[in-house]
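**Student:** Chain by chain, the residues:
2 protein chains.
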Amino acid sequence: MLNEVRFVPDELVIEWADGEQSGFYALWLRDHCQMSASRHSANGQRLINVSDFPESLSIGQVNRLSEDRLEVVFEPDGHRSIFEAQWLRRHCYTLNEPWDDRSESAKTLWQADCFSGGLVRTDYDEYGHSREVRRDCLQSVQTLGFALLGNVPCESGAVLDVIRSFGFVRETNYGELFDVRSVVDPNNLAFSNLGLGCHADNPYRDPVPTVQLLHCLASSTEGGDSILVDGFRAAAILREEAPEDFELLTGHYLNYRFQDASTDLRSRVPMIELDDRGRITKVRYNNRSIDTILLPPAVIKPFYRAYRHYARILERPELKLTFRLNPGDLMVFDNTRIMHARTGYQAGGERHLQGAYADLDGLYSTLAVLQRETRPAAIGRAS
Amino acid sequence: MLNEVRFVPDELVIEWADGEQSGFYALWLRDHCQMSASRHSANGQRLINVSDFPESLSIGQVNRLSEDRLEVVFEPDGHRSIFEAQWLRRHCYTLNEPWDDRSESAKTLWQADCFSGGLVRTDYDEYGHSREVRRDCLQSVQTLGFALLGNVPCESGAVLDVIRSFGFVRETNYGELFDVRSVVDPNNLAFSNLGLGCHADNPYRDPVPTVQLLHCLASSTEGGDSILVDGFRAAAILREEAPEDFELLTGHYLNYRFQDASTDLRSRVPMIELDDRGRITKVRYNNRSIDTILLPPAVIKPFYRAYRHYARILERPELKLTFRLNPGDLMVFDNTRIMHARTGYQAGGERHLQGAYADLDGLYSTLAVLQRETRPAAIGRAS
Numbered sequence: 015m016l017n018e019v020r021f022v023p024d025e026l027v028i029e030w031a032d033g034e035q036s037g038f039y040a041l042w043l044r045d046h047c048q049m050s051a052s053r054h055s056a057n058g059q060r061l062i063n064v065s066d067f068p069e070s071l072s073i074g075q076v077n078r079l080s081e082d083r084l085e086v087v088f089e090p091d092g093h094r095s096i097f098e099a100q101w102l103r104r105h106c107y108t109l110n111e112p113w114d115d116r117s118e119s120a121k122t123l124w125q126a127d128c129f130s131g132g133l134v135r136t137d138y139d140e141y142g143h144s145r146e147v148r149r150d151c152l153q154s155v156q157t158l159g160f161a162l163l164g165n166v167p168c169e170s171g172a173v174l175d176v177i178r179s180f181g182f183v184r185e186t187n188y189g190e191l192f193d194v195r196s197v198v199d200p201n202n203l204a205f206s207n208l209g210l211g212c213h214a215d216n217p218y219r220d221p222v223p224t225v226q227l228l229h230c231l232a233s234s235t236e237g238g239d240s241i242l243v244d245g246f247r248a249a250a251i252l253r254e255e256a257p258e259d260f261e262l263l264t265g266h267y268l269n270y271r272f273q274d275a276s277t278d279l280r281s282r283v284p285m286i287e288l289d290d291r292g293r294i295t296k297v298r299y300n301n302r303s304i305d306t307i308l309l310p311p312a313v314i315k316p317f318y319r320a321y322r323h324y325a326r327i328l329e330r331p332e333l334k335l336t337f338r339l340n341p342g343d344l345m346v347f348d349n350t351r352i353m354h355a356r357t358g359y360q361a362g363g364e365r366h367l368q369g370a371y372a373d374l375d376g377l378y379s380t381l382a383v384l385q386r387e388t389r390p391a392a393i394g395r396a397s
Numbered sequence: 015m016l017n018e019v020r021f022v023p024d025e026l027v028i029e030w031a032d033g034e035q036s037g038f039y040a041l042w043l044r045d046h047c048q049m050s051a052s053r054h055s056a057n058g059q060r061l062i063n064v065s066d067f068p069e070s071l072s073i074g075q076v077n078r079l080s081e082d083r084l085e086v087v088f089e090p091d092g093h094r095s096i097f098e099a100q101w102l103r104r105h106c107y108t109l110n111e112p113w114d115d116r117s118e119s120a121k122t123l124w125q126a127d128c129f130s131g132g133l134v135r136t137d138y139d140e141y142g143h144s145r146e147v148r149r150d151c152l153q154s155v156q157t158l159g160f161a162l163l164g165n166v167p168c169e170s171g172a173v174l175d176v177i178r179s180f181g182f183v184r185e186t187n188y189g190e191l192f193d194v195r196s197v198v199d200p201n202n203l204a205f206s207n208l209g210l211g212c213h214a215d216n217p218y219r220d221p222v223p224t225v226q227l228l229h230c231l232a233s234s235t236e237g238g239d240s241i242l243v244d245g246f247r248a249a250a251i252l253r254e255e256a257p258e259d260f261e262l263l264t265g266h267y268l269n270y271r272f273q274d275a276s277t278d279l280r281s282r283v284p285m286i287e288l289d290d291r292g293r294i295t296k297v298r299y300n301n302r303s304i305d306t307i308l309l310p311p312a313v314i315k316p317f318y319r320a321y322r323h324y325a326r327i328l329e330r331p332e333l334k335l336t337f338r339l340n341p342g343d344l345m346v347f348d349n350t351r352i353m354h355a356r357t358g359y360q361a362g363g364e365r366h367l368q369g370a371y372a373d374l375d376g377l378y379s380t381l382a383v384l385q386r387e388t389r390p391a392a393i394g395r396a397s
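Just so you know, the sequences run in chain order V and G. Residue numbers for the first sequence follow my numbering, beginning at 15 and rising by one. Residue numbers for the second sequence follow my numbering, beginning at 15 and rising by one.
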């Protein structure tokens, strides 16, 4: 595996048998020491702090212990670290990309016709009994941004059982769960029979709930169909059609607000959020709860152009995945990516959904554990 | 109040009696229409969407209805909006700053000697009985990043009652609450008797819990003192001492990770997070749970310089507010700003804290409601 190993005081360089080359800065190497003096044996957490290393830290000596093990002796303190060659190869910053499960790079962007073959509804009984089925369902939330379950018992609170299967309930001022049906004088338009345009929930909340679930308990109205839109796809279209509009929506934060008798929630966040590499990581869109738009006067006019452009992309029919939630159906979706909407419905008949919020960190952790249990080969990827 | 009112098709301009001037872009004005056709009467949410306005929207006519009311007639659809002059003054983008309760601009940054007069412990009984006391305590979390309660009953679970007084529990893999005391083979070093350097909790969780509470149930050990550091202050010092180091830590995301038998949490986030105006809004620091550092090779060396610089600032004695949590004491702090640490302690004696997480959005909402109830004058500031 190792071909040539050489070093200067502040860098170790390895040439691998396959012709690749890795560099290791001395301080990085010391900071990533895997010995028991540096890492807690039970939990792998670091026992060392970069502030503790001597200012003049350098590599004094490198000993090849075997074909696949190196010992590095640091100066001036004489600390010895033994590294497996395979570990170095898998963790070097020269050849490996950082972990990323949130940005557009880790997703499959979609539009409505990607599902022209029909939507998969995972049977809830199978979901409960099979780790593979649970894994695939949660994987769908990670990749597509949503998953559909069928045959979930039409009982109040079942949505909370679904959350407990992968994570934790995020309680809010709407309660642990909330009922979505027509009420007189609703505190939120969601609780009326009006159609709702594409939106993400709770942009006025920071941190925003990152997972939403909607469970259908009754559905006999005319209308009231569900619509999902891939917000990452919509943002990517905006970037392609008008990079300057994309830049305006990523570069300027907006205030959102929700108030009622016992609540006053306010946030200041962008419509489209990027990571350090300029990749889309989160979108928010909710015309109902945008507070007064206060931007520098010179920005207002171009900002509205960009905002309207984005709003119109979100309304394009080809992006809208429209389907009927029937009693027992439950959708789980990534509220930082997927916009949802519904068509209006008549007062006659009954439409009753129960909703609840949860978070992606718990869901992805459960997915990772299911992956290591159901695909043993994946363990090697862990760091 | 109004002095002169004039308009061109795409802008209304008001000169106020005090000499100030406001401009209102036609589309902004239409989007902020307060009439019942545009806003739901019960909850104030927008019924209109920017994508619905005609492409050629403009101001056709402006009628001064009285000293303090204007009617704007829009072309081509003839929509009429009546605005109160006072509303226009308070909401115009020319003279008003956006709402911000998260960035460094909304905080009082501190170091240890700011508390040389002693720390205020709010009596829990008074907290429960007085809205003013609750308001001031939550205000302290918003401004200073932390608050201390005293005389909280030394009963298991009391920390959850405190959370329910201002918001909602954020349950995690550690449970609704977690016990901090020495255990054999801890899954996390927090559950050992080792000293812990300055850190924020759960950087491997995204969204990170934004509020942490620690409630002392027993404390008879030698050592085990609590330390708080204002992370915003530390980051501001870094920016002052070395803007290039500050830029490296804000511009490059890191991976964090926590694993045990049933959990695998991973994130990709910056150590110091800025808003669209370059102001510090969130900090994370936790040397124990930083995963393999994978950055472009050219960045590794300067990044480590910046990282060490920041780590050493966090260890400066003048930043460390050190105090003893006695039985019945409970600290609440903003986990996106305040770093905490503890000194190591001997195995003899007992040290038992209960911790739990919550979120800032609920806390700030409760604070805002208490402010409008206890200071009626503040209502006028609401939008």
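FYI, nobody ran anything at the bench for these hints, they're computed from the structure. There may be inaccurate statements among the hints.
Pairs involving identical chains hold if they fit within one copy or between any two copies, as the list cannot separate such chains.
[Claimed, not checked] Below, simulated SDA-like cross-link-like pairs (lysine to any residue); rule was C-alpha separation at most 25 angstroms, straight line:
| no. | residue 1 | residue 2 |
| --- | --- | --- |
| 1 | LYS315 | SER55 |
| 2 | LYS121 | GLU287 |
| 3 | LYS121 | PRO284 |
| 4 | LYS334 | ASP290 |
| 5 | LYS121 | LEU109 |
| 6 | LYS334 | LEU210 |
| 7 | LYS334 | ILE241 |
| 8 | LYS121 | SER70 |
| 9 | LYS334 | ARG135 |
| 10 | LYS121 | GLU89 |
| 11 | LYS315 | THR136 |
| 12 | LYS334 | VAL87 |
| 13 | LYS121 | GLN35 |
| 14 | LYS334 | ALA250 |
| 15 | LYS334 | ARG293 |
| 16 | LYS121 | ALA312 |
| 17 | LYS334 | ARG94 |
**Student:** Evaluate each hint against the coordinates.
**Tutor:** Against the structure, the hints come out as follows:
Within a single copy, LYS315 and SER55 get their C-alpha atoms no closer than 59 angstroms, and across copies no closer than 28 angstroms, so neither meets the 25 angstroms cut-off. Taking CA atoms no more than 25 angstroms apart as the test, LYS121 paired with GLU287 passes in both settings, with 15 angstroms inside one copy and 24 angstroms between copies. With identical chains, the CA atoms of LYS121 and PRO284 are at most 25 angstroms apart both within one copy (21 angstroms) and between copies (21 angstroms). Taking the shortest alpha-carbon separations for LYS334 and ASP290, neither the intra-copy value of 30 angstroms nor the inter-copy value of 31 angstroms comes in at or below 25 angstroms.
In this homomeric assembly, LYS121 and LEU109 come within 25 angstroms of each other (Cα to Cα) only inside a single copy, at 22 angstroms, whereas the closest approach across copies is 42 angstroms. Proximity of LYS334 to LEU210 under the C-alpha cut-off of 25 angstroms is restricted to the intra-copy arrangement: shortest distance 13 angstroms within a copy versus 50 angstroms between copies. In the homo-oligomer, the alpha carbons of LYS334 and ILE241 lie at most 25 angstroms apart inside one protomer (6 angstroms), although the nearest pairing across protomers, at 52 angstroms, exceeds that limit. For the homomeric pair LYS121 and SER70, neither the shortest alpha-carbon distance inside one copy (43 angstroms) nor that between copies (38 angstroms) is at most 25 angstroms.
Taking CA atoms no more than 25 angstroms apart as the test, LYS334 paired with ARG135 passes inside one copy only; the shortest distance there is 18 angstroms, against 54 angstroms between copies. Taking the shortest Cα distances, LYS121 and GLU89 never come within 25 angstroms of each other, neither inside one copy (44 angstroms) nor across copies (43 angstroms). Taking CA atoms no more than 25 angstroms apart as the test, LYS315 paired with THR136 passes in neither setting, with 46 angstroms inside one copy and 49 angstroms between copies. In this assembly of identical chains, the alpha carbons of LYS334 and VAL87 never lie at most 25 angstroms apart, being 60 angstroms within a copy and 34 angstroms across copies at closest.
Proximity of LYS121 to GLN35 under the C-alpha cut-off of 25 angstroms is found in neither arrangement, the shortest distances being 30 angstroms within a copy and 48 angstroms between copies. Only within a single protomer do LYS334 and ALA250 lie at most 25 angstroms apart by alpha-carbon distance; the minimum there is 15 angstroms, versus 45 angstroms between protomers. In this assembly of identical chains, the alpha carbons of LYS334 and ARG293 lie at most 25 angstroms apart only when taken from the same copy (23 angstroms versus 37 angstroms across copies). Neither within a single protomer nor between protomers do LYS121 and ALA312 lie at most 25 angstroms apart by alpha-carbon distance, with minima of 35 angstroms and 28 angstroms respectively.
Taking the shortest alpha-carbon separations for LYS334 and ARG94, neither the intra-copy value of 59 angstroms nor the inter-copy value of 33 angstroms comes in at or below 25 angstroms.
Hint check: violations occur at hints 1, 4, 8, 10, 11, 12, 13, 16 and 17; the rest are consistent with the structure.
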